[in-house]
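Trainee: Here is how the chains run, residue by residue.
Number of protein chains: 6
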Amino acid sequence: MTSAEAAQAAQRGAVLVLPVGAVEQHGPALPLGTDTIRAEAVVDRLVDALDELVVVGPTVPVGVSPHHLAFPGTMTLRPATFAAVLTDYVDSLARHGWRRVLVVTGHGGNNATLGVVAQDVLRDHPEVELAWAPVTPLAPDALGAMNRAEVTGHCGEAETAQMLHLAPDLVRSDRLAAGTTVPGQLDPFARLSRGAAHPAVALPYDRLSASGVLGDPTSATAEDGRAVVDEVVRRLADFVREWSTT
Amino acid sequence: MTSAEAAQAAQRGAVLVLPVGAVEQHGPALPLGTDTIRAEAVVDRLVDALDELVVVGPTVPVGVSPHHLAFPGTMTLRPATFAAVLTDYVDSLARHGWRRVLVVTGHGGNNATLGVVAQDVLRDHPEVELAWAPVTPLAPDALGAMNRAEVTGHCGEAETAQMLHLAPDLVRSDRLAAGTTVPGQLDPFARLSRGAAHPAVALPYDRLSASGVLGDPTSATAEDGRAVVDEVVRRLADFVREWSTT
Amino acid sequence: MTSAEAAQAAQRGAVLVLPVGAVEQHGPALPLGTDTIRAEAVVDRLVDALDELVVVGPTVPVGVSPHHLAFPGTMTLRPATFAAVLTDYVDSLARHGWRRVLVVTGHGGNNATLGVVAQDVLRDHPEVELAWAPVTPLAPDALGAMNRAEVTGHCGEAETAQMLHLAPDLVRSDRLAAGTTVPGQLDPFARLSRGAAHPAVALPYDRLSASGVLGDPTSATAEDGRAVVDEVVRRLADFVREWSTT
Amino acid sequence: MTSAEAAQAAQRGAVLVLPVGAVEQHGPALPLGTDTIRAEAVVDRLVDALDELVVVGPTVPVGVSPHHLAFPGTMTLRPATFAAVLTDYVDSLARHGWRRVLVVTGHGGNNATLGVVAQDVLRDHPEVELAWAPVTPLAPDALGAMNRAEVTGHCGEAETAQMLHLAPDLVRSDRLAAGTTVPGQLDPFARLSRGAAHPAVALPYDRLSASGVLGDPTSATAEDGRAVVDEVVRRLADFVREWSTT
Amino acid sequence: MTSAEAAQAAQRGAVLVLPVGAVEQHGPALPLGTDTIRAEAVVDRLVDALDELVVVGPTVPVGVSPHHLAFPGTMTLRPATFAAVLTDYVDSLARHGWRRVLVVTGHGGNNATLGVVAQDVLRDHPEVELAWAPVTPLAPDALGAMNRAEVTGHCGEAETAQMLHLAPDLVRSDRLAAGTTVPGQLDPFARLSRGAAHPAVALPYDRLSASGVLGDPTSATAEDGRAVVDEVVRRLADFVREWSTT
Amino acid sequence: MTSAEAAQAAQRGAVLVLPVGAVEQHGPALPLGTDTIRAEAVVDRLVDALDELVVVGPTVPVGVSPHHLAFPGTMTLRPATFAAVLTDYVDSLARHGWRRVLVVTGHGGNNATLGVVAQDVLRDHPEVELAWAPVTPLAPDALGAMNRAEVTGHCGEAETAQMLHLAPDLVRSDRLAAGTTVPGQLDPFARLSRGAAHPAVALPYDRLSASGVLGDPTSATAEDGRAVVDEVVRRLADFVREWSTT
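Protein chains in written order, with the UniProt record's numbering: chain A, 1 to 246; chain B, 1 to 246; chain C, 1 to 246; chain D, 1 to 246; chain E, 1 to 246; chain F, 1 to 246.
Hints listed in this document are in silico derivations from the structure and should not be mistaken for laboratory results. Everything numeric in this text was worked out from a predicted model, so none of it was measured. Be careful, since some hints might not be right.
[To be verified] Derived coverage of chain B by chain C (criterion: at least 3 residues anywhere in the stretch with Cβ under 8 Å from a Cβ of chain C; other residues may be distant): (1) 4 to 14; (2) 21 to 32; (3) 61 to 69; (4) 75 to 81.
[Unchecked claim] Facing chain F, according to a computed beta carbon distance under 7 Å, are these residues of chain D, among others: (5) 123; (6) 132; (7) 133; (8) 200; (9) 235; (10) 246.
We put the beta carbon where it would ideally sit given N, CA and C, even for glycine.
Sequences and hints are given; from them, build the entire structure.
Mentor: Listed below in structure tokens is the structure:
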């Protein structure tokens, strides 16, 4: 996309979509960039579905991952840095007339900072509408149809399934192995943070799982992954289409 | 509490509980400090229930409320300031041996920043366990039993009920009036943010409701409020009791 | 106070009064929150005296107390955090038309940062007039009438007297004991900082007094405290009344 | 690359290579991401040349481009944000034992901030050796062999040639057109900044060229581009090989 | 002073003296750098008096002067910048073994920030003793002996007298003229801030005096100036001598 | 210069010149302030040459010198602090109508931060033209005529020659001694950073030279120094004259 094309896209009211992810441990079988890969793939498919309604902006490949720092390969931005990157992006975009920005995050650890960014944008750029969406939680139907362990999450069934669908070459299938799958394997304080209607807690991942894996990724299939991705893309596309008419 | 008593409490492993709230518009009938009042009241009852297991720390009375700034009386900290206050608190507490901190927030607008604070604490004070909890969402059972409008929330049935129970003198009952109660009254982008499994958005409250009220507070009763508060306190007390044994 | 009432108060030119204090060691007999308690009490009496001329804003309960960190229970904001809280307050207030803000600080350790805040407000909100006042130093007459040790100050005669008047239940009178009362008990560098027309120094309190007390609080009476508080309130009220006519 | 593989690479002393670029106007014919594309391509070829001596880290796709903000599509990080991203990267890498980091920047506007980052790393991570390199200036021989206008640079012969070699599909060859090619076309202050041994100045690009182009890209060939890229990669590879023996 | 000589001075426990001043309007007759000139002159004389007990560090020539910004020629650091300069100085000095630092400020507008710096140093460099002193207020005896207007201060009798003694060539004596000399000439809010035991306020200087002058400098003599400087130097020298024995 | 004179100078479009330097080790023979002394001396001569076209602003005497911190006497600002000082200066100057600012730095370690400052000024004060210049590199002809070692630089022939010309009393000529003069004396990584068209690196000076000296200052003469200074001043004067006509 050239400068002139960007000007036209902004003028026609396109939604600027920013994929954000993480570089962090993803167990023995998945690549460090799993979250970024999934976010970018979802955004690519969203573009296929929506064409000129959206434009893809630059990825933020490293996210907020202090809870994984005990594991090699993990890189993290401080939340303040991650927020500064996004607010600098919005500053630039607002200057050129963009009014709708959608952030798609492949990494749940970015959610809190994205919430903060949205509050700062609300104040400093009231003319910009910012929406942000995680990937996996946008597929409740597909998730419901999968077979998942009682404890599941990071590097688990859903994440592995998505990678088997989106980037099978990057999955070391022979190293897939169940991690923490039942509450009893968690340390006591970690157990406390499970269940509905309780206080939230932040925990380093080495207190959750020795291998960094929550759930049993060996049961994941590429088909499951396709179902998740399809549902996520469909929901995002519906959202953007409606947004574009407001 | 004197200096020596604080030393003893830290040493016996007590949980330090910090009430945080907001000073922001609460419609025509509720006081600006509604969220702080509810947080402090819940914490007071928690102390009654748990005695020496907890110690109450200083309140943060102003929270993150940029979305209410269009309404007079609203005060807000920038998210970075709110985070700095809490990390400074944790710095001080950690230095004196406190290892468990629970933040109780009466204001949902603080949630994102609390999530960020937790990530920073994880990195800079790995020896401290931080948990944080909203008030109203900790009472799913009591909420389920109440009669609430399709659109509800800020200054709505649940919040008003709590105030009728906790601080009836501060409620101008004659000014209670339904605000936005059905999606059709929201502006189109605001409508988009409703429902499950969709992107999150941040919106200024004047796009949600002309009076700043979501829901119909005229139906709220002090009894409902008591049920909400009781459930919140019970869940928090259970959490702290278990925590204290880890 | 509701949103609408706040709008009216701002419009009629009321002075917004902010009590700020500290959570820090106050020797064996006084509570950690002594400075906040005194600031809030003075402000309450000021409201009684001035009625609609003033409105009370949210307290900043924790102040700048790095010099007390050696003593358990002390919490401190970094000066930059304390300043950010107050400038965020002023930002919010200025937006809604407040033009006069008075900060009443129960803690001398906040003075320097308040001076800095005032300079930043001067630059960033020239439309706002900010005044700030300590508590005890506003009662020179009452202090002159009291019997005080040669070295006196934190937790000493004047502070204890105020607490005996304002919150006698929170004073452990049986633990009141003289702290450092003569210069010879100070460490040599601390001694240097005494007297008029000399350089200023900042010292950790454990170099000033083993118990954290300067002066002999055993001689303090509630009557003395009443005289101090009355004089402080009278001077503040005079100031606000005159201010309100400008 | 998985967590375990990252651990091995750090342990064997591999150089971590970070491509950084820009999203900014590149005239009517080149894409906004030209600098990032070239940096990533160079790094890819470096990996081909060096194999296990290097590992590629996450790209920083948006750089420091305030001088291009007058042109649509330009995004910029503030220098402080760009610096924070890189120091956060180094913080994470240092924690896991990386000792050599090479930043390859496709965008000259990042140079000053990279210099600052290096000074901060020197102080805060003396155990890490940081090197940083631009792309085009590392090919003095190939540049000398090209036919370039008297005024040349951004979007000019060398940059266009690289893109014709690396990503010909992204070059709108029919829109290539000469920009500012002789000093007389610059505004007077911009002219002042040319030549050796003079003060440096920073100028917005609209004072340098109406189209955002310096030089005449119509004369650029893919062959020239290959020569530039080959020389850059060769010099970087030599550097890394020597470094790896120290 | 060379690197080796600095090492020796630090080792023998010398006091590092930092002159700080301001660049701000000083009325029609005094130079913008008046405060810096006075601070440096006092420090020079202090060195003459104390020889090896002190070493002069680099001047901070621009201070905190937002209240003078309405007048041309005024430059100001934000308080946070001024504080950062001094804490960076102390960081460097502490690293090389300096344990005593004395800041001499010719500008009262720096006092609040110096107080904040001292609190930060107390926390981050407990091994360093920091003292700071204004110039004019260290000469109460000489001031008492001078003839000064009821309202006096900036560019007034005392400041002008010092300049007539220290740098007579820089004083445009023919332009000396009385500024604000009685309270009635102040604006009403400015008047409020006068007198003992009242709240402090910060005011822009154009509300205090049209010419930027407080007091009547026409009555100032070089002799008065000498008396002020001599007393200041004597008091500082006594302080440093005692300090050096602790 | 008084306030009124500053107003006139700004109005007539004078260039504001800011000397910046460093306080850092300069080997056994040169003073810590060598870079500041040279910058100020060059600026003084520039004023002599240009008269009313320029006005000298306040010096920044301490620069960015983390690479010299291993040597006693070195003081450094963090790059962010150094940048803040200069942007605060520009903020103040812009407010009073200054449109041209020239920074002359005697210390190469400031260059990167000056580049960053220029980018921030470009964005925040587009009405101000900022130029910045090092000292020694502005004399390529004089340098070419000098006899210099293969490795040369800090405290070497050129710097010493300038000091012999500008401030001979401050040079301990008897302690002048060759430092690192050939690449073989550098540590291997330091060697890597030499030569054209290679990546840049930042290194602590103790890895470059045990005495902190690069080159052989014993061969320097005051005459060489005069030639360097004359050329620098001539080039700067030409630049300013041309600038003043734009």
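Trainee: Against this structure, judge whether each hint is valid.
Mentor: Okay, the hints, checked on the actual structure:
1. 4 to 14: holds (count 5)
2. 21 to 32: holds (count 9)
3. 61 to 69: n = 3 at 8 Å, threshold three: holds.
4. 75 to 81: holds (count 6)
5. 123: holds (4 Å)
6. 132: holds (6 Å)
7. 133: holds (4 Å)
8. 200: holds (6 Å)
9. 235: Holds - the Cβ of residue 235 of chain D comes within 7 Å of chain F, reaching about 6 Å at its closest.
10. 246: holds (4 Å)
The structure is consistent with each of the numbered hints, conforming to all of them.
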